[in-house]
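Based on the provided sequences and hints, a complete structural model is requested.
Residues per chain are reported as follows:
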Amino acid sequence: MRRLFLLFALVPVLAWSQAALPRTADGKPNLSGIWQVMTTADWDIQDHQARPDAPAGLGVVEGGEIPYQPWALAKKKDNFEKRASADPLTKCYLPGVPRITYTPLPFQILQAEKQVSIFYQYAHAVRFIFANGSKHPEGHIDWWLGDSRGEWQGDTLAVDVIHFNDQTWFDRAGNFHSEELHVVERYTLSDADHIRYEATIEDPKVFTRPWKMSLLLYRHKEPNIQLLEHECYGFDYEKYYP
Amino acid sequence: MLRLRLRKILPMKRTMRVKMLLTLPLLAGLLPGQAAKTADGQPDMQGFWAAEVGGTYSLVNPRRGGGRLREQLLEREGKKAPIKQSRITDPADGQIPYQPWARARQQEIQANIDRPAKQEYIDPQARCLPDGPIRSIFWSAYQILQFPGYVVFVYEQNHPYRIIPLDGRPHPSQDVKLWMGDSRGHWEGNTLVVDVANNNSKSRLDNEGDFASDKLHIVERYTFVDAKTMEYQATLEDPSVYTRPWTIQARMLRTHLKDPKYEQWEDACHEGEKNADASLQSAQNGGN
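Protein chains in written order, with my numbering: chain L, 2 to 243; chain W, 11 to 298.
No lab work stands behind these hints, which were simulated from the structure alone.
Just so it is clear, the structure is predicted and the values come from calculations on it, not from any experiment.
Glycine residues also receive a C-beta, built at the ideal position from the N, C-alpha and C atoms.
A couple of the hints might just be wrong.
[What the hints assert, rightly or not] Below are the DSSO-like pairs computed for lysine-lysine, each with C-alpha atoms no more than 27 angstroms apart in a straight line: (1) K29/L with K90/W; (2) K268/W with K29/L; (3) K222/L with K271/W.
[Unchecked claim] Partner residues aside, some chain L positions facing chain W, computed with beta carbon under 8 angstroms: (4) F81; (5) C93; (6) A113; (7) W144; (8) I226; (9) L228; (10) E230; (11) F236; (12) E239; (13) Y242.
[To be verified] Sample of chain L residues lacking proximity to chain W, with all beta carbon distances greater than 10 angstroms (derived): (14) Q37; (15) P56; (16) I67; (17) Q116; (18) D161; (19) G175; (20) G235.
As structure tokens, then:
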């Protein structure tokens with residue numbers, strides 16, 4: 002009798018947790034919405050104290066250390082010294098993946114059954130995550146945001162991204178990769194308003210083993226929220242076009 | 011029961027009957043006023059589109075493909091470029107109804123566009139800056155995506171996009187100015203009506219120096235004619251530049267119909283762009 006009572010008590014709890022995730026008509030978790038991070042990862046993906054060009058913050062790298070090959074660690078340190086002018090974002094270039102996720106600007110996910118589209122406020126950047134069973138095009142192709150192919154693994158959207166160039170950094174602190182970068186992103190709704198975002202980084206030219214970033218995306222809930230523009234490469238020229 | 015009735019209405023072999031019934035929704039999509047609907051009841055215009063007469067060399071003198079270079083080649087051979095009529099349907103003379111100062115400004119920019127000795131003569135498009143709603147739709151092929159409560163346009167050249175909410179929310183403060191404007195849409199039957207405000211109008215309307223100011227207000231109408239055709243109409247109102255509102259019109263056609271696997275891929279433009287500064291330096295040094 003008592004067991005039965007417990008069972009009945011659990012039913013509404015289970016039903017509530019199921020209902021709490023917004024879902025699309027085809028039953029997948031619905032990632033659609035306007036999202037943004039609250040980390041300082043864009044300045045530095047590792048633990049860092051405040052400095053004149055960065056707010057303090059805890060890192061997003063699991064385990065804390067990035068397994069650079071010796072030559073690459075030296076290059077990272079050199080990048081750090083030159084970051085004020087060498088960070089590709091100072092020229093408003095496309096930030097690459099996963100950095101575009103944690104630039105401190107909002108982005109909007111609009112999800113359809115076979116394609117998840119992500120629209121970033123940063124420079125009108127767009128990513129189409131093809132989730133129709135198609136494969137990466139043959140390459141190598143030098144893209145800033147790579148080629149994204151997704152599949153649902155249970156309630157997680159897993160995205161395989163390859164075909165990168167070697168021009169983007171992971172952060173303003175000079176963490177970098179080569180064109181052999183391979184990213185696997187995992188988007189998991191932990192409740193209706195948060196996405197747990199993981200990115201596994203693999204690059205045999207630069208690192209000794211794969212490593213992982215893990216961070217949280219927050220849903221914008223302001224009633225009038227919308228994306229605006231951040232056309233940073235136009236700032237220097239706007240004055241000529243009154 | 012149903013099968014019996016269908017057999018009476020359509021007396022033919024079963025496979026034929028099934029084929030016919032399967033084709034009905036497709037045929038319906040081809041008839042005016044019968045567009046297929048998205049799950050949330052919008053006429054379904056998703057897919058890839060391009061202007062029938064593309065290019066933005068000129069609004070008043072468009073031609074199919076190639077722009078200025080093709081025009082010059084054809085004229086050298088003594089031939090005429092096809093399609094010469096203006097895209098402007100109102101006023102009737104096909105010209106932009108500029109105020110006198112604005113016409114003078116447009117002519118000054120046009121005269122200097124090929125050899126820009128000043129920054130202001132460089133077409134912002136040459137710097138990969140977003141073209142604004144009007145020029146984007148003529149310059150670039152584009153993709154339409156629809157979601158509950160939204161229509162989204164993604165232009166292929168230089169990847170600008172417009173996310174158009176359909177929920178009737180007001181525009182932000184007019185202190186906010188945007189390269190691609192701020193768009194609000196609603197459906198009137200098979201026509202998507204889009205109100206575009208908050209335009210910074212820093213882009214040009216074409217390669218002949220045609221322009222607007224940040225007071226520009228646009229009303230666009232995308233009328234879904236059939237599964238392959240859309241009529242586009244836009245009225246531009248800007249009392250600080252024009253003497254009256256004016257209207258451009260164009261036919262849009264579906265593209266990649268024979269290539270269902272077509273995908274829109276990255277088109278980075280600003281990254282590595284060097285031509286604009288090179289043309290400026292060349293003009294300042296007296297070259298061409």
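Here's how the hints hold up against the structure:
1. With a C-alpha separation of about 56 angstroms, the suggested pairing of K29/L with K90/W is violated against the 27 angstroms cut-off.
2. Distance restraint check for K268/W and K29/L: the Cα-Cα separation of roughly 30 angstroms exceeds the 27 angstroms cut-off, and the hinted pair is therefore not satisfied.
3. Of the supplied pair hints, the one linking K222/L and K271/W is violated, its CA atoms being roughly 36 angstroms apart against a limit of 27 angstroms.
4. The beta carbon of F81/L is not positioned within 8 angstroms of any beta carbon in chain W (closest approach about 23 angstroms), and the interface hint is therefore violated.
5. The beta carbon of C93/L comes within 7 angstroms of a beta carbon in chain W, closer than 8 angstroms, and the hint placing it at the interface holds.
6. With its C-beta approaching chain W no nearer than about 7 angstroms, A113/L sits inside the 8 angstroms limit, and its interface hint holds.
7. Hint status for W144/L relative to chain W: holds, with the closest Cβ pair at about 5 angstroms, below 8 angstroms.
8. Interface hint status for I226/L: violated, as the beta-carbon distance to the closest one in chain W is roughly 10 angstroms, over 8 angstroms.
9. Taken as an interface hint, L228/L checks out: its beta carbon lies about 6 angstroms from the nearest beta carbon of chain W, inside 8 angstroms.
10. Because the smallest distance between the Cβ of E230/L and any Cβ of chain W comes to about 5 angstroms, under 8 angstroms, the interface hint for this residue holds.
11. Residue-level restraint check for F236/L is violated (minimum Cβ-Cβ distance to chain W is 11 angstroms; threshold 8 angstroms).
12. Because the beta carbon of E239/L sits about 6 angstroms from the nearest beta carbon in chain W, less than 8 angstroms, this interface hint is met.
13. Taken as an interface hint, Y242/L checks out: its beta carbon lies about 4 angstroms from the nearest beta carbon of chain W, inside 8 angstroms.
14. The claim that Q37/L is not at the interface with chain W holds, since no C-beta of that chain comes within 10 angstroms of its own (minimum 16 angstroms).
15. The Cβ of P56/L sits about 26 angstroms from the closest Cβ of chain W, beyond the 10 angstroms cut-off, so the non-interface label holds.
16. Against the 10 angstroms criterion, I67/L stays outside the reach of chain W, whose nearest CB is about 25 angstroms from its own CB.
17. Not every beta carbon of chain W lies more than 10 angstroms from that of Q116/L, the smallest distance being close to 8 angstroms; the non-interface claim is violated.
18. Every beta carbon of chain W lies more than 10 angstroms from that of D161/L, the smallest distance being close to 15 angstroms; the non-interface claim holds.
19. The Cβ of G175/L lies farther than 10 angstroms from every Cβ of chain W, with a closest approach of about 19 angstroms, so its non-interface assignment holds.
20. With a least CB separation of 5 angstroms from chain W, G235/L falls inside the 10 angstroms interface cut-off, contrary to its annotation.
The structure does not agree with the numbered hints 1, 2, 3, 4, 8, 11, 17, 20 stated previously, though it agrees with the rest.
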